Structures are given as C-alpha cells and as structure tokens.
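Q: Got chain A sorted already, so can you dock chain B onto it with the hints?
Line by line, the protein sequences are chains A and B.
The opening residue of the first sequence carries number 1 in our numbering; numbering runs sequentially from there.
The opening residue of the second sequence carries number 1001 in our numbering; numbering runs sequentially from there.
Hints listed in this document are in silico derivations from the structure and should not be mistaken for laboratory results.
Nothing here was measured: the structure is a model prediction, and the numbers come from that model.
It is possible that part of the hints are untrue.
[Unchecked claim] Dumping the calculated BS3-like pairs for lysine-lysine here, alpha-carbon to alpha-carbon at most 30 Å:
id: 1; chain 1: B; residue 1: K1289; chain 2: B; residue 2: K1239
id: 2; chain 1: A; residue 1: K239; chain 2: A; residue 2: K273
id: 3; chain 1: A; residue 1: K289; chain 2: A; residue 2: K313
id: 4; chain 1: B; residue 1: K1239; chain 2: A; residue 2: K313
id: 5; chain 1: A; residue 1: K239; chain 2: A; residue 2: K313
id: 6; chain 1: A; residue 1: K457; chain 2: A; residue 2: K313
id: 7; chain 1: A; residue 1: K457; chain 2: A; residue 2: K441
id: 8; chain 1: B; residue 1: K1457; chain 2: B; residue 2: K1396
id: 9; chain 1: A; residue 1: K289; chain 2: B; residue 2: K1289
id: 10; chain 1: A; residue 1: K239; chain 2: B; residue 2: K1313
id: 11; chain 1: B; residue 1: K1289; chain 2: A; residue 2: K239
id: 12; chain 1: B; residue 1: K1239; chain 2: B; residue 2: K1252
id: 13; chain 1: B; residue 1: K1239; chain 2: A; residue 2: K289
[As the list claims (entries may be wrong)] Derived CB-CB ranges, DEER-like:
id: 14; chain 1: B; residue 1: A1144; chain 2: A; residue 2: D482; range: 36 to 46 Å
id: 15; chain 1: A; residue 1: S20; chain 2: B; residue 2: K1313; range: 42 to 52 Å
id: 16; chain 1: A; residue 1: P141; chain 2: B; residue 2: R1117; range: 53 to 63 Å
id: 17; chain 1: A; residue 1: V439; chain 2: B; residue 2: Q1047; range: 53 to 63 Å
Cβ atoms here follow ideal geometry from the backbone N, Cα and C, with glycine treated the same way.
Each chain, letter by letter, is given below.
Protein chains: 2
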Amino acid sequence: MLDEHGRRWRDRPAVLEMESGRRFDYAAFAGRVRRLAGWMESVGLKQGDRVVWLGQNAPCVLELLVAAGRLGAVLAILNWRQSEDELRFVLHDLDPQIIVWQPDSLPDSLRAEWKDRSCVWLCQDSLDSTCDYESAIAGAPEAAAVAMPSDAAQLLLYTAAFSGRPAAAILTRQALVLQAIQYAALRGWNNRTTYLSATPLFHVATLLDCLATFVVGGHNLFVRHADPAAMCAIIAAEKVSDTFILPPTMEKILELDASARNGLGSLRSMPYKPEWNALVTIDDSLWGKRPYGYGQTETMGYATFSALGDPGKGGMGRPSPLVRMAILDEEGGELPDGEVGEIGMKGWTVSPGYWRRPEINVQRYTADGWRRTNDLGRRESDGTLSFIGPKGRLIKSAAENIYPAEVERCIAQIDGVAEVAVIGTPDPVWMQSVRAIVVPKPGATIDEAAVIDHCRKAIASYKKPRSVVFADTLPRTGAAIDYAALDRLYEGGGYPAG
Amino acid sequence: MLDEHGRRWRDRPAVLEMESGRRFDYAAFAGRVRRLAGWMESVGLKQGDRVVWLGQNAPCVLELLVAAGRLGAVLAILNWRQSEDELRFVLHDLDPQIIVWQPDSLPDSLRAEWKDRSCVWLCQDSLDSTCDYESAIAGAPEAAAVAMPSDAAQLLLYTAAFSGRPAAAILTRQALVLQAIQYAALRGWNNRTTYLSATPLFHVATLLDCLATFVVGGHNLFVRHADPAAMCAIIAAEKVSDTFILPPTMEKILELDASARNGLGSLRSMPYKPEWNALVTIDDSLWGKRPYGYGQTETMGYATFSALGDPGKGGMGRPSPLVRMAILDEEGGELPDGEVGEIGMKGWTVSPGYWRRPEINVQRYTADGWRRTNDLGRRESDGTLSFIGPKGRLIKSAAENIYPAEVERCIAQIDGVAEVAVIGTPDPVWMQSVRAIVVPKPGATIDEAAVIDHCRKAIASYKKPRSVVFADTLPRTGAAIDYAALDRLYEGGGYPAG
Chain A
1 MLDEHGRRWR DRPAVLEMES GRRFDYAAFA GRVRRLAGWM ESVGLKQGDR
51 VVWLGQNAPC VLELLVAAGR LGAVLAILNW RQSEDELRFV LHDLDPQIIV
101 WQPDSLPDSL RAEWKDRSCV WLCQDSLDST CDYESAIAGA PEAAAVAMPS
151 DAAQLLLYTA AFSGRPAAAI LTRQALVLQA IQYAALRGWN NRTTYLSATP
201 LFHVATLLDC LATFVVGGHN LFVRHADPAA MCAIIAAEKV SDTFILPPTM
251 EKILELDASA RNGLGSLRSM PYKPEWNALV TIDDSLWGKR PYGYGQTETM
301 GYATFSALGD PGKGGMGRPS PLVRMAILDE EGGELPDGEV GEIGMKGWTV
351 SPGYWRRPEI NVQRYTADGW RRTNDLGRRE SDGTLSFIGP KGRLIKSAAE
401 NIYPAEVERC IAQIDGVAEV AVIGTPDPVW MQSVRAIVVP KPGATIDEAA
451 VIDHCRKAIA SYKKPRSVVF ADTLPRTGAA IDYAALDRLY EGGGYPAG
Chain B
1001 MLDEHGRRWR DRPAVLEMES GRRFDYAAFA GRVRRLAGWM ESVGLKQGDR
1051 VVWLGQNAPC VLELLVAAGR LGAVLAILNW RQSEDELRFV LHDLDPQIIV
1101 WQPDSLPDSL RAEWKDRSCV WLCQDSLDST CDYESAIAGA PEAAAVAMPS
1151 DAAQLLLYTA AFSGRPAAAI LTRQALVLQA IQYAALRGWN NRTTYLSATP
1201 LFHVATLLDC LATFVVGGHN LFVRHADPAA MCAIIAAEKV SDTFILPPTM
1251 EKILELDASA RNGLGSLRSM PYKPEWNALV TIDDSLWGKR PYGYGQTETM
1301 GYATFSALGD PGKGGMGRPS PLVRMAILDE EGGELPDGEV GEIGMKGWTV
1351 SPGYWRRPEI NVQRYTADGW RRTNDLGRRE SDGTLSFIGP KGRLIKSAAE
1401 NIYPAEVERC IAQIDGVAEV AVIGTPDPVW MQSVRAIVVP KPGATIDEAA
1451 VIDHCRKAIA SYKKPRSVVF ADTLPRTGAA IDYAALDRLY EGGGYPAG
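Excised from the complex, chain A in its bound form (with noise of 0.2 Å):
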C-alpha cells in the first residue's frame, strides 16, 4: 500500500502540519515511513507489537500507523485528554515497545514511573536528539514491508468504559482500506480532496475522514487546535475542501468579520442558514446530500448510511455492502423486521474484538460471530435502520424483554412530556413491572392513563407502563439518567442478572 502509494502520487501534496509548516508530498512521506519503520525495526519492534501516540493532530498520527503496519505491529492513538489515572491504567493495559509522545500531553510523574520498562520513547520536536522523532526517521535505513493477512490487526481505539476501565477495539487493515475506499467514493472524494483534521484523530469519524483523504491521494492537513478565525484562515491559504464542522462552528464563522471569513469557497459544506452557504460551495456527493449514518469505533466508524439508496423509514440508512446487520434478541438470535433489539454487525469492517478482554469479548460477541453493539435498532420494512438509543439495562417482565430506551422514545413523543426515565420494580407475578417517570413541560398537564394509552398503540402492549410517576426533575451524573439513583427514588429492582 504505501511503496505503491508514494509511487502513484509522488509530487502530490501528502500531509502538512500546520504548526511547523512542514509539509510532504506523496514520495517524502513514504520514504520517512519506510524510515520511520527501519527505526523501529533498529530498536527491536516485531510483528504484533504495540507502538502508542499521545498526542494531538499531527502527520505523526498517520505515519506511524503506516510504519507499525509495515512491520506487521499495531499503533494504538490514545486520548491525551484522559486523566493521569486512565492513561497508566492504558498504558499497562497495551504494555508497548515503543511510545511516542508530544511534549505536554504526558504527566512527569507517569513518564518517572515508565521509565526503566523495556519501552523505547520518542518526542515529536525534542531538543535532545537521542529521542526526537525526526531525528529517529532522519537516521534510520529504510525497513521492508512484512507480509500480512488481511484480517491482521493495525490499529487499537480505546472505546467507552466496561466495568469502569476502557477496552481497545481492534482494527483490521482490511477495516481501515476498505471502509476509506467506499467512504472516500459515498463523499465524492479524490486525488483534489484537501481534508483538514481539526478535530481529535483519537475519534474513528475524524480518523476515518483523514484516512479516506490518504487512500485516494488527497491532501491531509493536521491542525492541533483552531479557533474559528484561525480555521476561516487555514481554509482559504491552503484552499481546504472538507473538514468536519459542524452548527456551532458555523454559527462563529457566521460571526467573525466579513474580511476573516472571505476564501471559504474551496469547502464543501452541507447546507445549512443561507448566509453560510453564501460562502461555501455546497457539497451535491451523496454523502453530502444525507450525511448520516449508524457506527461505532468497533465498526470503523459508519455500518449504514443513508446516502446508499433513496430514502427511506429508518434514519440511519442502509448497512454498507462491507458489512451484515441483524437486529437480536438477547439470546443472540435474530428477531424480524420492525422489532426492536440490539443491533448487531458482522464483516470486512467490523472489530473482531477488543485487545486483551476475553471476558468482554465473550459478552459483546455471540456464538455466531454478530458482534453486539449495545445498541438499540429496529430493520424497517424498507430494509433501513432505525436507532433507538442505547441498549441500557434489560427489564424483564411475563418472560418479555423491554429495553426502557424502546419506551422512552415513545413516551418523549408525547405533547407536554420534557423528559422521561423508565425503570422495571419488582412484581411478584411478572417478575418486573414498566414504570417511567415523567418530567412535564412547564405549564403542561400530562395524566397517567394518557401515557399508558399511547404507549399501548405506539409499541406492543407489554411494554407499556404499568405505573407513571411525575417527578420535576430526573436525577443525573454529569450529562447521564443516573438509572441507579431512579431506582432507589421510585421502587425499581428485580432486574434480570447480567
């Protein structure tokens, strides 16, 4: 891939950092890689080893994962916004040969208790040359690619915490190719595209759009922080095609001076107020035309999209030709169309399981190989997704699974309700009972009987509540329902056990 891809595009601008100005094209970089990769061949990396960067944006990000990919290894891009306390416990969970890191995004302490593991160091732009990155790449012989299957891991992305602690999905090289090339092709993109990454690449969105920018012989621009003055200004001096931007960055742009957000011409851009789109060139691929989807970082990022075929009823689109989908049941069977159950994916781009967690692995995977996304979903009849929400806990009652985000979704769409919780309380018949609590809108006046009549229509029957609670407020820690906190304010228990 790289030896062919520095040959296929040569003078064409690879990457450029924006802090340093240093910029590559095609040929360049992969000559530093194939250095990069002898480097780390000099200091004993093998096949299936652990590279880590700590770090934010920069072109460091993609010429490592291409160089441990070259020797067969794994590069793991960790959040350096974590605490000290994630990062050790990560740290010794990927147990690497080889860490690089920027300066700041590591505490002195963690770095002092690192320090006599058989663990080689690099900085990006040190002064002391023994361990400065670009002194490594400057100094090394260039390194012969190792033959791999397809299927091999290259990439770890540490995803949401289980039990507390983060787990890392691992990524497959037919995952990362494979999903650039057909996002690269749903976003128009080509060898014209200019992708910005100013958003953290430790996230699968802004790393998939830096990867199919790389795959197709665009032109990837690193950006540690932009504010949105200096983004309007990166954008024009460089004429930057596509970032990812969203409402509230649009809205600042909105807000600078006329003078500081003229030469966005160059981005393409969903539509959004008329005077935005004044300023850019609306993007007409079919990405742009229905930007949406269903993925996780186990998925590589998106597992449908609705830009694949004319709209239809479920929101998040078709499954991609890459992937299979089926909605199942908590045996890990699969239910019909139009019933909802948590939504599981199988194929070329889908994680075939988390680094070092068997005891995850057991639950997160089913017999048959569907990997269970902890989410809700339901196939529509037009063979589109709907998503529902997170699966959350299971309530169990007359032998029927209710996941409380099914009925949630249903009660919120009643007038009058602003917020909605629901919970199981023990029922010596029925094992559990539905029971929501429902905060109203000011003014509104919502009556128990309302509820469970609309829920009686809207979804099968033994989901609807048995009980409503009206409450004025629901309890939470930080943005979250805390569920356990409703339990002990409003009766709940008698969950089914794992």
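A: For chain B alone, coordinates are given in the frame of chain A:
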C-alpha cells in the same frame, strides 16, 4: 453478503432476463440463491468443489456465483463459443461436481461422454423437471452460508492459451467484492443504475460491470444477443443507464430509423459524434471522462485507471488502491521508472494463481509474489503506466534484454511505416542481433539508416536494429504476426531459452 443484500435492497429490482421476461427483486433473488445453494448442498456440493456455467448471458450466472460462494465452492463461467475439443479439455481440467447448461451450448457427443461421470447436470428451462434449473430452485430448502476467509477462491475464468491450452485464473471473494466497490465508485454507479449485459459474461469486463451493479444494489439486465435495434428497444423500455457499447455499435444505431433510436436518453455514454451525443446522456463520472485502464482477467479487470488523479504521461493511468505494481526485469527484480519491463501486479484483486497449473504458476509468479502479466509497460516519472505491448519473445544481445514490442512501437512511429515486426538473428559475438522487418506504406520510401537512426534517438541504443529488411507483407496466423514464419524467412534464431 447475499442475505444482507436481500434485506438491504428488498423490493428494488435485482435481475431481469430479457428472453423469458423473468424479473426478481433483491429479496426474491436472495431467496432463490439460498434455495439454489440448498439444492447444491442436497446433491453433495462441498467447500472447494467446482460448479460450471455453460451458456449465454442469463441471471443464472449471478445466482450460481453467489450460491456456490455460499457453500465455499467455486463457479467456472465457460466460454460457450469454444470448440468441442476445447470444451472437453476444460471440463476435464475442472472436474466439476455440478454443470449447469443452456440447450445448444453443449454438443451431444460431449454430453454422452460425460454421462457416466459422477457429476450432476442441470439445464436452464428443461422440460424434464428432474434436471431443470427452475425446478431445482423451487423444490430446495434454503442453505445457510459457510464462513469462508476473504481470500478464498470464488470464481474461475479461463484465459489465454499457455503451451496450447487455456488455464483458469482463480479469483477470490475479496477480488470480486472490492473491485466491484471501487469500480462502481469511479463510474458513479448506485442503486439507480440499470446495467444491460449484452456482451459475454465469461469476459471479465462485462462480468465486472454486472458485479459492480449488483454490489451497489442496481438492476442487472441480461440478454443473450441483441442487434442494435433490439438493444435500443431494451434501453428505452427498461431505462437502461449503462451498458458496454463501442463506436461500431454506436454507428449502427445512428443508421437506424429515428423512431428506433428514440428513448436512449437514459443511457450514459462517453462522448462520440454530435449526433450520438444528442441521443444519450453524456457520462460525467470520473470513469466517463477517462474510461481507460490496464488490466486482465487475472487482475479481475482493471488494475490501473486513468480516471485516478490528473491525466499523466502514461495512457493507462495509476494503479488502483487495491494493487501494487512493479516493472520487472527477467529475474523478477524491479526496474526503475522510465524503463520498459514486464508489468507485475500484487494485491487484493490479483489472482493467486491458475487452477491446477503449478508449472505455469512457477513461471507467472515471482518468488516475491508478483504476478507476471506477460505484458510490457513503463512507469512514467509521474507515476502513470504506459502500456508497450504483449511481452512476446525476448531478444538477448550483449547480455541486454530487448523486447521486440518496444522496438516495434518505436519504428511504427516513423512516417511511411505501415507495419513492422522485430526478430533476433543469431550473432556469434553478441548472441543475437536485432532485425526489423518493415512494410512501408504504398508510395513511401524509407531507408535502413533512417530507421536505425530514429531508434537510436528514441530508445536505448542497444535496442536499435542492426539491420532492416523491407517487405510487402508480414506473415500472419489469423490476426497475429507469425514470428516463427518471420524467423524462417529472415534468418531469425538464437533466442534465449525459457
């Protein structure tokens, strides 16, 4: 792939057979394929077994390919135009477990020879329901999919004769699916695409068009034979968006009555004459603008695309993201840019070898795994590929390798040259000398010194002819120049062994 496809695209039209008018949507198509696989299983088809399709274009081809793949078996799509003797050889070579055939595609004598072999026959549209394709599908249970690695064989396509006999290129699942995805992207195809297969599906180009349409959820139409008027009628009736059509057919369509060529507006076509362009929709996809590339059956079609990136010096464009390319010397080493050598390919879409041909595989693959394409090319300084010609014989002079095709290409550029062929003559000192046999255009005068001088300036001096012979014609076998006859006529010989 199949199950998901049936659910992803549901009631979108999947296939239409023009002769019978049979149409199936994706859900029905998936059910048919599952039952076809069920029938295959019931007659004992196992992983690695071979299924043969012998007939003209029909939806069966797609159904058989996916059904065989579902059981881990392989489909061989045979050329129904080949002679009885060739067909006999191919059937023995394949040793198939199942043969599905169309009436008229198989000589009775060959059928009689095979009747005692343990091989199950199925005929499209047989009146005898015990061996009828549709009856087999109707009566079978659905088969579950066997999990197979992505580099497992799924397709066998016979290619050019080696030592007098054709050999089947093994093509893998990943070659089929990935090539289809990236090719569909370059063509701008999606589920609104309606493709008419009117050229033979045993050719990789048409088969790839058909597969790409299938993978993106488009509509595949199959016709055994269509004259220009019939083709126009199909395009108009079914709103065909794409088909394989070349200028000679365009000319014939332009000669039809205006009424017969009404309704071609849905057809996307590369630009041709103004009167043609007025009838169709000009294809503005990347592919439509530059529909060229280098490829062969063994690379599942295109391995390079001129649609990738800006136009460059080499007319064949850049290698696809799914392959690596090397220009190889005789020993399998890699030549630098600008030098002519054998085009070598490696990667996801490249065949791992020929079916049951270890002796050919040793010749056609280097120790490093490069496929030797038997074609000559040059990688230009901008990364693009120039195609020089079939490799043909090698001339050896003063330890240098000289490919006649390169010298011929050079001489053909001289004004007044109608045709040229280059041979090697024995040379006591240098092993061989280059001799050009030139056919001048009527009335043209060319002299030997001018030919030699032109070559000295245009290509490496050691490749220039030592002698030039002028002739009225070149001996041919069919369309091909008969080099053995040239050697006899013009004292060729002394070629290196092997």
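Q: Work down the list of hints and note, for each, if the structure agrees.
A: Here is what the structure says about each hint:
Simply put, K1289 of chain B and K1239 of chain B have alpha-carbon atoms about 22 Å apart, close enough for the 30 Å limit, and the pair holds. Taking the CA atoms of K239 of chain A and K273 of chain A, the gap is about 22 Å. The hint holds against a cut of 30 Å. The suggested pairing of K289 of chain A with K313 of chain A holds, with an alpha-carbon distance near 16 Å, which does not exceed 30 Å. Under the criterion of a C-alpha separation no larger than 30 Å, the hint pairing K1239 of chain B with K313 of chain A is consistent with the structure, at around 26 Å.
The suggested pairing of K239 of chain A with K313 of chain A is violated, with an alpha-carbon distance near 38 Å, which exceeds 30 Å. Taking the CA atoms of K457 of chain A and K313 of chain A, the gap is about 19 Å. The hint holds against a cut of 30 Å. Restraint check for K457 of chain A and K441 of chain A: the C-alpha separation of about 22 Å stays at or below 30 Å, so the hint holds. At roughly 20 Å between alpha-carbon atoms, K1457 of chain B and K1396 of chain B fall within 30 Å of each other, so this suggested pair holds.
With a CA separation close to 24 Å, the supplied pair K289 of chain A and K1289 of chain B stays within the 30 Å bound. Taking the CA atoms of K239 of chain A and K1313 of chain B, the gap is near 26 Å; set against the 30 Å cutoff, the hint holds. Restraint check: the Cα-Cα separation between K1289 of chain B and K239 of chain A comes to about 24 Å, which is no more than 30 Å; the hinted pair holds. Between the alpha carbons of K1239 of chain B and K1252 of chain B the distance comes to roughly 20 Å, so the proposed pair stays at or under 30 Å and holds.
Taken as a hint, the K1239 of chain B and K289 of chain A pair is honoured in the structure, with Cα atoms around 24 Å apart against an allowance of 30 Å. For the pair A1144 of chain B and D482 of chain A, the beta carbons lie near 44 Å from each other, so the given range of 36 to 46 Å is met. Between S20 of chain A and K1313 of chain B, the C-beta spacing of about 33 Å breaks the proposed range 42 to 52 Å. Evaluation of the 53 to 63 Å hint for P141 of chain A and R1117 of chain B yields a pass: the beta carbon distance comes to about 58 Å.
The given range of 53 to 63 Å is respected by V439 of chain A and Q1047 of chain B, whose C-beta atoms sit roughly 58 Å from each other.
Hints 5 and 15 from the list above are not met by this structure, while the remaining hints are.
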